[in-house]
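K.L.:
If you want the building blocks of each chain, they are given just below.
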Amino acid sequence: MGALSFTSPLILAALIALPLVWFLLRATPPSPKQARFPAFIILRQLTAKEETPDRTPWPLLLLRLLLVAIVITGLAGPVLNAPPTASGGGPVALIVDDSWAAATNWNARRDEMRRVSAEAAQSDRPVFILTTAPKRMPAPLEPLTAQEARAMADTLTPQPWASDRAGAMEALAALDQYAANNENQRWDIRWLSDGLASGDDQAFADALRQRGDVVLLTDPDGHAPILRPLAPANAGPAFRIERLSGNDAWEGAFAASARDGRELMRIDVTMEEGQTTSDVTAQLPLALRNELGAVRIEGSVSPGAVQLIDARTRRALIGLVGEARPVRNNLLDGAHYLRKSLNPYAEFLTDRLGAIVASDASVIILDDVAAMRAGDIDALSAWVKKGGVLIRFAGPVLAEAAQDRTPPLLPVKLRGGGRAFGGALTWETPQRLDAFPANSPFAGLTPPDDVFIRQQILAQPGGETTTRSWARLEDGTPLVTAERFGAGVIVLFHVTATPQWSDLPVSGVFGEMLRRLIFLSTLGPESADGETAARQPPLRLLDGFARLERPGDTDPALTPAELDDPAGPNRRPGFYGAPEAPLALNVITTETAFAPLKVTGVTRAAYVGEPPRRLGPFLFAAALALLLIDGLATLVLAGKLRLGRIGTAAIIALIALTPLAAPDARAQPLDPEIDAKTMATTLTTRLAFVETGDPAMDKLSEQALAGLSRELYRRTALEPGPPVGVNPETDDLSVYPFLYWPVVAGAAAPSETALANIENFMRFGGLILFDTRDDERAIGAGSTPEAAALQRILSQLNTPPLIAVDATHVLTRSFYLLNDLPGRLDNNPVWVAAQTSGANDSVTPLIIGGRDWAGAWASDFLGRPVKPMGQGGERAREFAYRAGVNIVMVAFTGNYKSDQVHTPILLERLGK
Amino acid sequence: MTDPQSAIAVRRQAEEAAAFFPALLVEAARIAQTVAAGLHGRRRAGPGETFWQHRAYAFGDPVSSIDWRQSARVADRLYVRENEWEAAAAVYLWRDPSRSLDYASTKMAPTKRQRADVLAVALAILLSQAGERIGLLGEGRRPFHGRAAPSRILEALHIAQFNDAASSPALAELTPGARVVMISDFFTDPGAIETSVATLAAAGARGVLVQICDPAEEDFPFHGRVEFHDLESKDRLVFGETGALAKDYRAKFQAHRDALATLAGKAGWTFISHRTDRPAQTALLALFSALGDARRWTQ
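Going line by line, the protein sequences match chains A and B.
Using numbering that gives the first Met the number 0, read the first sequence as starting at 0 and increasing by one per residue.
Using numbering that gives the first Met the number 0, read the second sequence as starting at 0 and increasing by one per residue.
These are computed hints drawn from the structure, not numbers from a lab.
Do not rely on the hints blindly, as some may be mistaken.
[What the hints assert, rightly or not] Calculated lysine-lysine pairs in the DSSO-like style (CA-CA distance at most 27 Å, straight line):
#1 A:K698 - A:K134
#2 A:K32 - B:K106
#3 B:K251 - A:K32
[Unchecked claim] To give an idea of the interface, some chain A residues facing chain B are shown, with a C-beta separation under 7 Å as derived from the structure:
#4 K32
#5 A34
#6 R35
#7 F36
#8 P37
#9 A38
#10 I40
#11 L42
#12 S794
Since the model is a prediction, treat every value here as computed from it, not as a measurement.
Where a beta carbon is used, it is the ideal one built from N, C-alpha and C, also for glycine.
Next comes chain B alone, as it looks inside the complex:
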């Protein structure tokens, strides 16, 4: 995944996926309906660009803030123009860097990592169009913002190559009210994930868990005698008649997914599952609505 061609491909796919969506805002209910570009007003005066109120000039206000046109209407009064305080939210992305994502059951389907990258960058594109700040969880750096943000996200994602140790999300210092989007297959112990989610939630973050699965992982379409190789641990498991195991497997798989959904729900987070044989847009739409869901959003 280090070659520029595939990076460009991911960017292109991400642009395509994001093109179907209006600019995404991780904002409050009043602008939730009309997805418009802009920052989130804090309903009080402060640094911003939207007019909020005029108030009388008080000592100490900078001269540049005086609204001379308004002041000219009234004698002996000087008005200061105050804008609404606008602040951009930070969205932190985490994409599982472990090797288990580097899997596709058929040559036609993308690998899970590809799909995860596409989703991450698509989200980054939408967020950057909305003017949000985008950061990578676990990276020490400040969140990016602006047009260049998706590129930088992509770059960062590609720098972070397989790192099996980091298969559960790292904990990091977050700004309060930040959003966290975790994209992974979550084939780890649900307990570890729960710990991470709980910690982040305790820090005030809300977020979305996006589980990306290969169809083979979900359907288990194996027959006969199969020796399975783990991608991370290099473990091997031999099963005699895999076809007979499929039912059990699916039950276990569903149980694992239910556990993930439950732990997400506990923290008030959203759980989204996505299969790589479905279009990326479906996942992005779910992610969009999860991030933009006003009911879950409280200041």
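Chain A extracted, bound-state conformation:
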């Protein structure tokens, strides 16, 4: 609550007139209710009792006085948080830190600028506005009128880079000439700071103090947190959320979005009181990690809270094919060195070559592999032509293979054997690396002088070999040769990936070389252009409020090297380069300073939290409301409005309920609610049957499953709950392991939704028992109405191939050893899915038969059978129950008992 002031306080003098109003109101009673009345002869007899005019009731009087008082106060123009009127006559100088750090609370700065402009307008003083963030084309520094200052305040926006107070100090000197004519007057200086320290703070403050009284405005609640990149962790890019003061706890969220704006992840971050940093790692699957476009502190508008993700940090998926021989020691394995040097930038995949080619690897490394199958060669060359990078390392195997003929997929022809330096019988000393040729992707790397090549494999000399050399030894022997092959490239390192032949794998340049090679791949993560000298045009640039916008025509293109420099007017933060592999220039880098501004000799103040607020409209609204109440009261008093109890209650309710009229709008949860039926089944296993719509059939199904559940409870460790009828279209089938589906004649094919649900049910391990119950009538396929209905259902399902159940099927072995799966009838065969794949433990997703299992299993609540058996009497019913137990056991345990099939053979062997 700020100070209350009035724009025209003289009007308040009218409050003196209130007593007069009081007298007037007292004298004027409310007008009486008018009524026609014929019985005047009687009324006239009452005239003696007629009263003198009523006095206005005192509550009404008070109400009206209040109304008048409110109107008078409203007319006086009350203003909350009104700016204090300026003192002194010197020019007003606004020093605005319009840096990235000012974006968070920019409105406060703008309000302050407007306020100061208004203040200057009142006292008719010139305004200097000096912005400290460097500009490409700075506006001329001139004294502004209050109007101009206000216009500038409205248009000024923060710049997405740091402020330059040293530069501002020079500009300050340029303003002195305008202040010369009123030299005796001190400036009224407001420094709207961003609250962050830079190199020349105290000098700048001193320069200001020379010219006048300085008020340093800082954000009242410290500075909003920033997001600083850390060295990428193995799990993903890591960031640190930093803030200046740990005065209170901070709660926020870290959000990562893809280049197309999709949100990829969101992490809630809390910082305790006193904690100023919090590290966050964007743990994402590799595919998603490579799509990362930007991460930000959610809800922050500061460019400092955004980190744009450079394409260069993307990690490639590298397929690694090594020697087949087992290596006991890590240090003798080339893969170890490759992993070590590429670990921050890539994920590795070790598999058969065929599988790697089929995967979405962008780079394949063959570590000393010579022999490949013809099919693999074709696949690999096709993959390289498509844009893959094949990196091969030499080694004993390759050297051996090259003796006879040049192995396929090599950039150059090899000479057999190899070359060893510095051995006991060689003249040559180990060689160093020569400078990298300009045409190679390694150009720009500094060849280390402590790397010696002791042994290598040699290429056939020739013009081709020379042009294909990307790295040479000092004597000119090619060390790395490469050949463009389609869109991709085949690279051969003429040394091993282990330090046996050379020091290269343990040098830093090795990782750098591999990294550049990875970027050559046009597969998988988009490669950054390796040419360091190329200027990258701006793609999307950050504005002062951390929004990405299209670059202007004048925004310069930058070289990748320049991108590492801090942001500035000529290096605007944002994305540069190709859209698919943009390079990022961020406001906050690992080096960016982030410390509170500390200067002495200035008056500190906080930004006015709340802008001036005119209370007049609220007062007039209140007066209007009072007027309405007064009108209602007058009507009631005059008897013209009779409010019954209901009317009064309605008015009170209306007033009380008005604030409740707009209910909260909340986001709906994405997942639908789990209904009670499904929830109950998650707690207790229940057998389920599909409701056919025929009440008799549904009752029979329920009795059958109840009977079967009872037997299961009695005989097995499974203790199912009461059975439940389901509708495949509406119910969640995922909680039921077993579904009994009696097919009735004329059943319509299920809807699309139901079919999708059923297919899902089958795909994820559910077992459906289709029962057409027509065993005694069935002669051929589709011969009965039930079978026709079943065909209608199955024709739309993705049904696996079927076979008839024989005595060796796991269904006959899962609990009881049976020969068949009898139901009430047992004539025609029972069909199950042929075991073509091992999915879902080889559980058949469906059992199809017409044996009326329900009829055999059904029993009433006392356990008495409901239907007679076909043949064999109660003994046959016992077998039907056993078949049911077996079926349910298969649904629950899968092929657990399938080895029972082999029992006779095992027993036979044991017998021997």
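With chain A fixed as given, assemble chain B onto it according to the hints.
P.N.:
This is chain B only, laid out in the frame that chain A set:
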């Protein structure tokens, strides 16, 4: 009230009200019990339709009056058939034409004038069914009789629009033994009414005063500050707290009504009060019994 629709409405309501009653006779005790259609026998021979006696033919009797069948039974004697002398009574209606009747406190209730018209016409219907003659007090015309009488009464009532001057009944030449039915709110000086009643009674008329009141007039359901407008004089009266006055008002109102009843009793007349929120039948029943009351009826 001049539009035909409302006239038809009044007629219809009146028919409805009258439908509950047997034909009304303003007749003597011997037919008081059985309300039958017919004229009132005067227990002597005279013009009429009911056989009274045979008498011997006297010179001068018209030949047409000879009862030939009777004469044929007796030799040399001629008998003349004499009927009982029947004469219809005249009932004179007076409905207050003043503006004060044009009042209804709620929109649901009819105005007093409407109710008065309904009562008047209903009575006219009953009387005409009974064969009585019906006249309007103050109208110079002869009393109507026959089926058309109610219509003509209604017509006459509607012609006589608001006439505030005539708020007390006019005095008129009446046939002896006539009945007078006065329908009004009687919000006038009881003295004036008494004068009229006494004059009429002196002329041999008997009658009924029917006071029609609006519930508001009787209950005085006002609250707060009310300014009352008189319907006739355009006078205004302002009362501060009308709710507190209600008790006084009711006492005065009752006193006024008692005065009316008393003056009616003095003249041997009947006083009936009726509220417009009650069904018209109740008033009509009271009127019926008052007119048909044999004890009050003497030749």
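K.L.:
Compare the structure with each hint and give your call.
P.N.:
To see whether the hints hold, each was checked on the structure:
For the given pair, A:K698 sits about 83 Å from A:K134 by alpha-carbon distance, which is inconsistent with the 27 Å threshold. Pair hint A:K32 plus B:K106 holds up; C-alpha atoms about 18 Å apart against a cutoff of 27 Å. For the given pair, B:K251 sits about 23 Å from A:K32 by alpha-carbon distance, which is consistent with the 27 Å threshold. Among the interface hints, the one on A:K32 holds; its C-beta lies about 5 Å from the nearest C-beta in chain B, closer than the 7 Å criterion.
For A:A34, the shortest C-beta to C-beta distance to chain B is roughly 5 Å, which falls under 7 Å, so the interface hint holds. The interface hint given for A:R35 is met, as the beta carbon of that residue sits about 5 Å from the closest beta carbon of chain B, less than 7 Å. For A:F36, the shortest C-beta to C-beta distance to chain B is roughly 4 Å, which falls under 7 Å, so the interface hint holds. Given hint, A:P37 at the interface with chain B, holds; its Cβ is 4 Å from that chain's nearest Cβ, closer than 7 Å.
Contact between A:A38 and chain B, as hinted, is supported at the beta carbon level, the nearest pair being about 4 Å apart and thus within 7 Å. At its closest, the beta carbon of A:I40 sits 5 Å from a beta carbon of chain B; the interface hint therefore holds under the 7 Å criterion. With a least beta-carbon distance of about 5 Å to chain B, the hint placing A:L42 at the interface is held under the 7 Å criterion. At its closest, the beta carbon of A:S794 sits 73 Å from a beta carbon of chain B; the interface hint therefore is violated under the 7 Å criterion.
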